[in-house]
Amino acid sequence: MADTHFFDSLETRASAQRESEQFVLLVGQLCHAKANSPRYAELLSGVDPDAVTDRSALAHLPVTRKSELSQSQLRDPPFGGYAACEEGDLLRVFASPGPVFEPQGRREDFWRFARALHAAGFRRGDLIHNTFSYHFTPAGFMVDSGAHALGCTVFAAGTGQTELQLQAIAALRPRGYIGTPSFLKIILDKAAEMGMELSSLAVGAVSGEALPNSLRDEISTAGIEVLQAYATADVGLIAYESSVRDGMILDEHVIVEIVEPGTGDPVPEGEVGEILVTTLFPEYPLIRFATGDLSAVLAGPSPCGRTNQRIRGWMGRADQSTKVRGLFVHPSQIMTVINRHEGIQRARLVVDRENNADIMVLRCEVDEPSDALQEAIVRTIRDVCKLRASVEFLGKGGLPDDGKVIDDKRPID
Amino acid sequence: MEAALSDEAATLLSVNNIEVVYDHVILVLKGVSLEVPEGGIVALLGANGAGKTTTLKSISNLLVAERGDITKGTIQFKGESIQGRSANQLVKRGIIQVMEGRRCFEHLTVEENLLTGAFTRSDGASAIRRDLELVYTYFPRLKERRNSTSGYTSGGEQQMTALGRALMAKPIMILLDEPSMGLAPTLVEEIFEIMQQLNQNEQVTFLLAEQNTNMALRYCRYGYILENGRVVMDGDANSLLGNQDVKEFYLGVSGGKKKSFRDVKHYRRRKRWLT
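Residue numbers (this note's numbering), protein chains in the order written: chain A, 912 to 1324; chain B, 5 to 279.
Simulated from the structure, these hints should not be mistaken for lab results. Quick caveat, the model's predicted, so the values are computed rather than measured. From the three backbone atoms N, C-alpha and C, an ideal C-beta is built for every residue, glycine too. Treat the hints with care, since some could be wrong.
List of simulated lysine-lysine pairs, PhoX-like, C-alpha gap at most 25 angstroms [what the hints assert, rightly or not]:
#1 A:Lys-1315 x A:Lys-1297
#2 A:Lys-1297 x A:Lys-977
#3 B:Lys-147 x A:Lys-945
#4 A:Lys-977 x A:Lys-1234
#5 B:Lys-96 x B:Lys-34
#6 A:Lys-945 x B:Lys-34
If you only want the chain A side, here are some residues facing chain B, beta carbon under 8 angstroms, derived [stated by the list, open to error]:
#7 Glu-932
#8 Gly-939
#9 Val-1295
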């Protein structure tokens, strides 16, 4: 069955089969990590790998946090004892961001990106214009190595120099674009401004930032179908979109859990939580690595035929989540409140403490403040967050532009 | 299964629930169990990629060369565990694999190739000479071509050389991987005939991996069908030949109306090692 629709037969395994096969590999990975990664030898000292045969057993293992990773790396550079390979087994080292180092092993498609590129419509022989950066961060090489595994040819464009990028695209006529969606927009705008045509571009794989539907539509008007991939510098590919654009399908060589932020406890299926990733590749065996990103499991299989679990796209950063009067408040909930009221341009939830009681104020930038709108927002917050909050109106530009959705001002005592 | 074993002599080889992972992340065998009786000819059947070669290489310990690892399960030969023994030691114990694609030493003559098969023996030149003549009685064609460079002999002759070379090690059991590959049907038949004679006259036990299901089941007494790294069906050759699904999916005989691939049922076999 020469079906080019799927990258390999792993994508269409029955769910129970995938689960059992992944846990066979996980047991091997845990044994390997205990034996070859000094840090995991410590962290997993009381763990019997053979007993970790399902998700409930996995949920008892310690969570690996980025903060611990960077502290361990300071003590024991470059990888803090987490890597499980000989120095000669590594091809490259990256620093992304700043003080955190990541390795690249020698195996082909080390970050497993070929699967995502295949789902995005890239095929053997395609020329790809890759605008992810090739230095400091692994992003450029991540997709580069995936593209090579797929049999594509890569123009290593890197970031910036928009006019040179345009000239290269016009001359080489690549079929695919890889990079951030916002840089693609810059390229398209510049091309329009200069009257250049980039008609060779037909497919795109974008990552690194959220892709608003409006931008996707705009890119689509230019004749480029872009699909998203979700990856981090530490664990590589986590999930990817397929042509049906219905959620992001998990990669076949990671085990993903969605947990209460700040804990290792899985949330009930479908609820928003922090993404924990356990990799099955041996060189850098991160176990229950906390990405700091929020998402939720989407029920049911993808209409495209891939059977792996899907997650919703990126739903905010977990580290902005907070607990108010015993209840978690997530940025995604605030986003929901904002999306329900057209009048709100931007908003931020400020949490503070008065007389030993938590108080919440949603500060909203609105064009036309009204009592009715204020009351409606208060009701929505109560519905969405199950908490009372007051609402304060500000004019346009009243909130600082720092990406914060929840600002927890409570003093730490 | 019970019938097949009770009719035959004792179990020579027993593979119990082995799991094999390549390169740390590719799970190829997902719990394969099988038994080969002493003096038997057993076939491992299934499509490309089902795990036939991996099963053979697990037994002969040739996985290491391909970064493969048996992560679970046991393999016993004559009741003793043989895991972790080098391929070299296994040959001395009587297990030898004839690899897919013959793998003759192309620059050596046919006879030199045959003699390399006796490398692990220590019973003297005259015994080896005697066995060389024995090989030539089974493969008269090799005698004719004994001084030809192997690389210039035909595919069928190379397959005969590979099988003859294995015989020179005085094996108890030969693991024969895809002998039919790339050979004309009459030649395949000839090779299988010789396998049968060696089995009857020299008491060599065979475990054969084949995609040519029809031919294999005519010469084997028992067969295992592998699908996606698991044994999905096993039975004596006649029952498999008569099985409707085997006919349809492995013998290419359509029973009644044509089914599309989507309707193909994939077998799920109960794990008998758990009982």
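How the hints compare with the structure:
A threshold of 25 angstroms between alpha carbons decides the hint, and for Lys-1315 of chain A with Lys-1297 of chain A the separation of about 21 angstroms falls inside it, so the pair holds. This hinted pair does not check out: Lys-1297 of chain A and Lys-977 of chain A have alpha carbons roughly 31 angstroms apart, beyond 25 angstroms. The suggested pairing of Lys-147 of chain B with Lys-945 of chain A is violated, with an alpha-carbon distance near 57 angstroms, which exceeds 25 angstroms. For the suggested pair Lys-977 of chain A and Lys-1234 of chain A, the alpha carbons sit about 21 angstroms apart, so the restraint of at most 25 angstroms is met.
Distance check on the hinted pair: Lys-96 of chain B and Lys-34 of chain B sit about 29 angstroms apart at the alpha-carbon level, beyond 25 angstroms; violated. Taking the CA atoms of Lys-945 of chain A and Lys-34 of chain B, the gap is near 23 angstroms; set against the 25 angstroms cutoff, the hint holds. With a cut of 8 angstroms, the hint placing Glu-932 of chain A at the interface with chain B holds, because the nearest CB-to-CB distance is about 5 angstroms. Residue-level restraint check for Gly-939 of chain A holds (minimum Cβ-Cβ distance to chain B is 6 angstroms; threshold 8 angstroms).
Annotation: Val-1295 of chain A was flagged as interfacial toward chain B, and the flag is violated, the nearest CB pair being 41 angstroms apart, outside 8 angstroms.
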